[in-house]
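**Student:** Line by line, the protein sequences are chains S and F.
Letter by letter, the first sequence follows residues 25 to 364 of this note's numbering.
Letter by letter, the second sequence follows residues 25 to 364 of this note's numbering.
The set of hints was computed from the structure by calculation and includes no laboratory data.
Heads up, a few of these hints could be off.
To be verified - Simulated crosslink set (SDA-like; lysine to any residue; CA at most 25 Å straight-line):
1) S:195 - S:206
2) S:197 - S:230
3) F:347 - S:206
4) F:197 - F:321
5) S:347 - F:321
6) F:347 - F:360
Chain residues, written in single-letter form:
There are 2 protein chains.
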Amino acid sequence: MSSLTTLNRQIKLASRPAGLPAVSDFQMDYSALPSPVASEVLVRSVYLSLDPWMRGRMDNGVPGREAVAIGDVMPGGVVGFVVESNDSAFRAGDAVEGMLGWQEYAVVNGRDLRKLDTGLAPISTALGVLGMPGLAAYFGLLAICDPRPHETVLVSGAAGAVGMLAGQIAKIKGCRVVGVVGSDARTSWLVDEAGFDAAFNHTTTTDLRETLGAHCPAGIDIYFDNVGGAITDAVFGLINDRARISIQSFLGMPDAGPRWLSQLIVRQAKVEGFLVSAWADRFPEAREQLSMWLKAGLLGYREDVAQGIESAPQAFIGMLQGKNEGKQLVQLSALQAAAA
Amino acid sequence: MSSLTTLNRQIKLASRPAGLPAVSDFQMDYSALPSPVASEVLVRSVYLSLDPWMRGRMDNGVPGREAVAIGDVMPGGVVGFVVESNDSAFRAGDAVEGMLGWQEYAVVNGRDLRKLDTGLAPISTALGVLGMPGLAAYFGLLAICDPRPHETVLVSGAAGAVGMLAGQIAKIKGCRVVGVVGSDARTSWLVDEAGFDAAFNHTTTTDLRETLGAHCPAGIDIYFDNVGGAITDAVFGLINDRARISIQSFLGMPDAGPRWLSQLIVRQAKVEGFLVSAWADRFPEAREQLSMWLKAGLLGYREDVAQGIESAPQAFIGMLQGKNEGKQLVQLSALQAAAA
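Construct the complete structure from the given sequences, taking the supplied hints into account.
**Tutor:** Shown next, in the form of structure tokens:
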């Protein structure tokens with residue numbers, strides 16, 4: 025490779041947004057290609073994952089959430105290929121996954137990379153079904169909600185990277201699964217392709233509670249909540265005894281309104297907040313199970329792939345607005361490396 | 025006994041209150057002493073338990089909560105002695121506990137009575153430490169919150185029948201226990217008699233969150249919530265990672281205000297609503313453990329005993345206002361039976 029002529033394009037945080045970020049909150053920088061020293065590995069990034077949690081890191085730090093400094097590269101999960109390695113566990117050409125940030129190349133310590141089995145599935149799945157979204161669906165549904173056959177599972181944000189998988193895992197567990205989404209096209213995809221029992225578009229629903237009730241005639245046993253807000257409020261009126269509600273990564277939803285503590289008591293229900301990172305010691309087990317389901321054709325998925333690092337800010341903003349169809353990725357370089 | 029001359033005084037629901045009940049929402053009736061038929065047992069009531077859940081039964085029915093009909097005897101747990109038995113499992117003179125309602129005598133099927141071991145503790149404890157309050161404290165703390173040594177446990181309504189026991193069980197489990205109460209006298213009792221590490225009077229606290237923070241310098245791992253409202257709102261700002269919050273039987277608290285879903289996510293915390301009846305199959309195990317702790321002197325308790333069935337409505341209203349000091353009981357007849 026010719027490091028003298030290759031520049032590394034990076035996207036850095038330029039300013040802290042209030043509410044929805046603007047493209048001007050990001051800036052593109054060009055730096056020399058970094059060189060790995062002892063134990064380090066140089067990676068060419070192919071896919072960058074864009075995820076809701078990144079928005080939280082753009083704010084000033086709050087307890088439990090580290091802020092990105094102004095001028096720092098935006099953080100993010102990446103899959104790519106090893107270019108040069110000073111770690112004996114990796115060789116040039118290995119497919120790897122790691123938190124490499126919004127940049128075309130990265131140098132990291134080998135211990136922060138995970139080698140991918142390219143025979144298993146396309147490498148982009150390491151950011152989706154077999155990555156954080158798959159793990160969040162797996163633990164958020166199975167560990168927090170313990171689904172039983174014939175229970176009714178409601179998933180909000182059901183066409184999102186996590187929601188679509190949570191619903192399909194619930195189907196594998198024998199549940200009746202209903203999805204709430206933001207467009208009619210997503211409704212069709214969930215029912216026709218992902219095997220949901222039903223799905224509806226909340227943006228064209230006049231009475232959320234009535235519509236939820238019609239789709240969940242036996243009440244709601246499990247609510248896999250990706251959105252919060254009005255949908256969550258409506259769900260609380262329909263939960264069954266001993267209902268389980270898993271909540272994670274709400275974005276832009278007002279954290280005010282009617283409360284439902286009394287309903288939790290009457291229904292002996294629980295609401296549990298959930299960060300997938302807490303389950304890191306069980307990731308291998310979960311990845312193995314998810315891989316088996318994927319190979320068996322039980323987990324369909326969709327990817328929405330923006331092209332080129334320069335498209336990342338706009339794609340990120342669109343994802344926060346719910347415009348993406350499936351897991352939002354940015355392709356940063358070709359899947360097949362050009363001759364180095 | 026001379027059933028011809030004995031009347032059974034009963035307190036019935038006269039009207040449905042809005043908010044705090046008035047004495048006029050109840051009416052006293054006099055009926056002939058009932059006679060037990062096959063399998064039935066006639067019981068003379070000695071202590072009636074007054075509990076917050078009774079207020080909910082005075083409203084029109086909501087899902088999961090049966091309403092008392094106008095003109096029906098108010099429901100309630102009672103301990104007393106068998107007068108006459110057509111069930112071979114009971115004999116005259118046996119001490120028993122059951123849901124016999126607000127009345128001086130009751131006839132029930134023997135299967136709905138539990139025989140008490142009078143050698144174990146005063147029979148009134150069957151309505152307190154060894155009754156529903158004890159069981160609610162036991163399961164609400166141990167099963168829902170899983171306390172670990174050195175964790176900080178906050179109990180609101182800490183001088184109430186359930187709260188005082190939850191705090192003491194947390195102490196047995198090696199936790200640091202802080203109580204929130206409504207008077208300085210209760211603060212002293214909790215620290216000096218019940219062994220709480222600290223307690224404070226929220227009615228004289230100017231900044232709830234600051235005071236909570238001062239009493240819980242290591243944050244809050246477990247919140248045993250008996251009250252809801254402003255105290256609960258303040259607690260949410262101070263919970264630690266993986267905090268567990270058990271909620272039950274709030275009364276008169278506005279179910280609106282700031283919400284804390286985001287905080288649950290950041291802290292990976294859970295809020296679980298809880299009805300003690302759900303754990304009925306484990307009551308024997310719990311009663312055995314509570315009895316052992318009681319015998320070992322590890323569970324102190326207080327009782328507030330009103331005298332005579334005619335005092336029950338006012339005592340009930342006072343309990344809803346938090347005026348009782350300890351478990352609210354009404355003594356309906358003498359502990360030692362008069363010669364029949």
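**Student:** A separate judgement is required for each hint: does it hold in the structure or not?
**Tutor:** How the hints compare with the structure:
no.	hint	in the structure
1	S:195 - S:206	holds, 21 Å
2	S:197 - S:230	violated, 32 Å
3	F:347 - S:206	violated, 51 Å
4	F:197 - F:321	holds, 15 Å
5	S:347 - F:321	violated, 63 Å
6	F:347 - F:360	violated, 29 Å
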